[in-house]
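Chains as they are written, first to last, in the working numbering: chain G, 1 to 428; chain L, 1001 to 1263; chain A, 2001 to 2440.
Derived by calculation from the structure, the hints in this document are not laboratory data.
Careful, some of the hints might be misleading.
Unchecked claim - As a list, the in silico SDA-like pairs of lysine to any residue whose alpha-carbon atoms are at most 25 Å apart:
no., chain 1, residue 1, chain 2, residue 2
1, A, Lys2331, L, Pro1047
2, G, Lys419, G, Ala357
3, A, Lys2313, L, His1017
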Amino acid sequence: MELDSAFWIILTGSLASASCALLGTFLVLRKMSLLGDALSHAVLPGIAIAFLLSDSRAIFPMFVGAALCGLLTTLLIEAFHRKWNVQEDASIGIVFTALFALGVVLVTAYAGQVDLDQECVLYGEIAYTPWDTLIWNGVDVGPRPVWILGVVFILNILFVCTLYKELKIASFDSAMAMAVGVNATLIHYLLMGMVSLTTVAAFESVGAILVVAMFIVPGASAYLWSDRLVTILCLAVLFGVLSAWVGYWIAGIWDSSIAGAIVTVAGAIFLLSLLFSPNQGVIARLWQRAALSVQVAQDHMLLALVRRFEVDETHRSSREELLQAASVSHLVSRLALRSLEKSRLVVHDSQGWALAAGGKQEALRLLRNHRLWETYLSGLGLPENRVHGPADAVEHFIGRQLAAELGAEVDQSMDPQGKRIPLSDDKG
Amino acid sequence: MSDPVHPTEAVPPIQIHDMTIAYHKKPVLWDVDLDVPEGVLVGIIGPNGAGKSTMIKAVMDLIPKASGWVKIYDRPYDQMRSAIGYVPQRESVDWDFPVNALDVVLMGRYGHVGWLRRPSSEDRRIAAEALEKVGMAEFAQRQISQLSGGQQQRVFLARALAQDARIYMMDEPFAGVDAATERAIIDILIELRSQGKTILVVHHDLQTVTAYFDWVIMLNMRVVAAGPTNEVFTDENLQKTYGGRLTVLSQAAQAMADHRRGN
Amino acid sequence: MLDNALRFLSLADANVRFVLLGSLLIGATGGMLGSFAVLRRRSLLGDALAHAALPGVALAYLATGSKSLPVLLFGATVAGVLGVLLIQFITQYTRVKADSAIGIVLSVFFGIGIVLLTHIQRAGGGNQSGLDKFLFGQAASMVGDDLRVMTVLTAVIIVAVLALYKEFKALIFDAGFLSTLGFSARKVDAMLMGLIVLTVMVGLQAVGVVLIAAMLITPAVAARFWSERLGTMVVISTAFGGVSGVVGTFVSSLAPRIPTGPVMVLVATLFFVVSALCAPRRGMLARWRRHRHNAERERRHHFLRAFIELSNKESRNTLPASSLAVELGWKVSRVERLGHKLARQGYARRSDGEWYLTDAGVEEGIFIVKSHRLWEHYLYYRSILDADHVDRPADEVEHLLTPEIIADLEQILAEERGIDPDEVVNIHGTLSHYRRGGRE
């Protein structure tokens, strides 16, 4: 074919990544990432033996060899773990290292007869794709890997689509699956079979270790962005393809292994997801926590002001007193105070700080929450000196509905210390 | 005269014969032998470690038996899986899994849907209705880790309802839920019973036994007593279930132990 | 090849001596630390650590231009530790689970390492030949200097393990207890991880990044089959590891194309398989023999007990196989098969299409039924009885009650409650059909 070799390479990489990402998402969700790792290493002896026996690079014997090896791996790991009482992670470690070692020995011992070398095993030869063409009836129909990976990709899509609900229930709650007649064990073995198949198909292009990455990393990244399974699957495929495109480009700029670059990009996507995902990301979480701190500090300041107000309506608080009342770090309190001022909940003049009209309403609401909770707790039997602490913590989180329920249940106008509980429509 | 443990009506929903469960060769349940009649709300009670959860798991083949057998409507459990709806204790699931409440309830319909097919709109309607019945309709699209403990429990109950089974087995459905949820659950169970379903509930709160259950199974590694609550839930049986030290046999054992120690 | 082998074994060649000693040290430390790592469930963390080390090696070379072992190992350590910290971070701060975190760090770091390695290879014009031995290991490339470094590290590891042995032991079996002794479990854990890091680094050159995890796992798991005690397990594991190292190097010397790492792993795996099968108590063959024996006895007991209970209920001496089948929940064919077996053993006979028990069968059957029923009472008050009767690691539940205990129980039941020992009662009623003194 006359198309640009770059196109073929990128297509191969994309198909490999997409196939792996689609299945791999289920591995991640089922907490079987390391089993996927094991499978992709362990298919090596199957491939090597297929080479030796069939004396060719025909793909079918390799598929068979890989599938058998995959099955053997899964069976051995289960056997060691359940029958021989070996811990699960140790079982995985023993089986895949032994099989992979066997594969490497075969590959290096029969180096002449097996068309693989050590490095290829690890990271593939995707750069050779455009020249590895398939001749069908005398016609050059394009690179072999593209055909193989294309078929596997379609098979994977069919697998996931037709068995979608079975995969979902077997992964979420296998006991329930058995109870409704979905054979979770069968699903497990089918999934492992497809993983083995995909591993072989991608093997030549990206090698063993990197197949592992493409199974797990895009799926894990997608998991950080969405709560819906379908979305996660689509995102994972998208991330896989993106890794292939950008990876190829990078490997061109900084002369290096294309497969390695693809994995590096996938890793970068994961890192970015880790940091920037709106719900799950580290930065989002830190932001939420900071925002919460500021909110709590604001509430404390408002409460301090309104308590003084109860005693003396003309009282003005100094800036230091307010910052002190917030009982958090200096930086946070200053931020909180500035925010209060901006929202016009507090005002200040030359004599000090006081509540504005809107602030008064909010402060009374908080005070009501606090005192309602204290009353509720002492109604439960908590001693008087122990109710302030919990109320101090909870007052920020009592929403309107809970406040209404508390008000109905408690139905008093005085808190345990004899102070008046503001009414719900109290505006001072 | 019929033995209260073996009622003589037509094919009981659950028949257990000589069932013994040993875990790592230590006995957990011994010689359980009873038939559960149809259309009753059964409380399974006993102290911690008495084997209550084990019993219902063993009926559902989730745990292997050392001896004995179980029949569901006179057939082996294998053939009657779809007749039993199971509501497990809360911990057995991965809460981070990307499913929402409606997804979970819909899973209860998979037995009716069959292999390789999609759930129909009828299935979805039934699932939505089940969620409605447990008061969780507004949470249908919420991912399950965002639900409180009581809400999660209700979702699992809805899943069992959606299954439309003939027998329901529930493992401590009232553990750690608030009073409102508990009332809601017991109302649903009573409604199920009025539809002729048989419901077995592993229960921990002795105060509510007479109020909730018309049948009770008292377990302490073996069946101490089983039958209608008003006949079987007696002080004497309670003592045998919960207070081993107070019986003559334990006095005998004490005497034997003293004798061995040379007193 | 024979010449090679003999030359090797004669240890005349200094290089051979280096290589052998090095492999021995590597295998031994792997086995030693591996015991703790496996018991502490850190098996695959070692794998992640090793894979993560690769970019460190490459970067160390790129930064310094040096291929000396200490420099490369330093880079490896930094990268490996960084990887492990990243795994903790991911697991703690996101909903990505531990296994995925390990897999992600392992494969991505390795991918970065491959990018660096291939870049060095293509840019430097074949100058990375010293670096890619870190992939699969090449013990034969060890020289005197390397050996000195390794010996020092190994000595540190051994001293540390001896010094911290009891802390590690406490950490594995009861971390809570450790803190009551005044040690922080986290500090001890960190020290263990540190030693694992050192062990991995020591072995990187000989076994390679991809397979070194095996040297931490396989010898230890193999040793587990031989002993219940930590000390013995560590010693055996060290021995297995050391031998694997030596044999691996030897075989690899005969066929230089084959890297040493994989061969060492295969030898260690062989130890594992043999241990798992042949170890005296915990090995598979021993367990299988015990299991078959027990299963057979259990089946016999079920049959006899079912027979006695059923014949008692119906007051008959002979029973058709079909009734027994219903009582047991078995297929009729299974009942017949077992019946014939019992007939050969002298417990049962068949006549006119029905089964009956011989005197020996009746005696055994009654004993089984009574002890089964007594078990029920026994379960009931077992907390009161002596500890040694209660917590025996019973392989057969019903024979936990020895004839002595049963005799005691019967005597007490007779004295205190006037219950005839022949009529041990439970909800199933008495064995009225089988009163002592014969049956009809």
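Verification of the hints:
A distance of roughly 36 Å separates the Cα atoms of Lys2331 (chain A) and Pro1047 (chain L); the hinted pair therefore is violated under the 25 Å criterion. Proximity of Lys419 (chain G) to Ala357 (chain G) is assessed by CA-CA distance (about 22 Å); at most 25 Å being required, the pair is judged to hold. Only pairs whose Cα atoms come within 25 Å are accepted, and Lys2313 (chain A) paired with His1017 (chain L) is accepted, the gap being roughly 15 Å.
Taken one by one, the earlier hints fail for this structure only at number 1.
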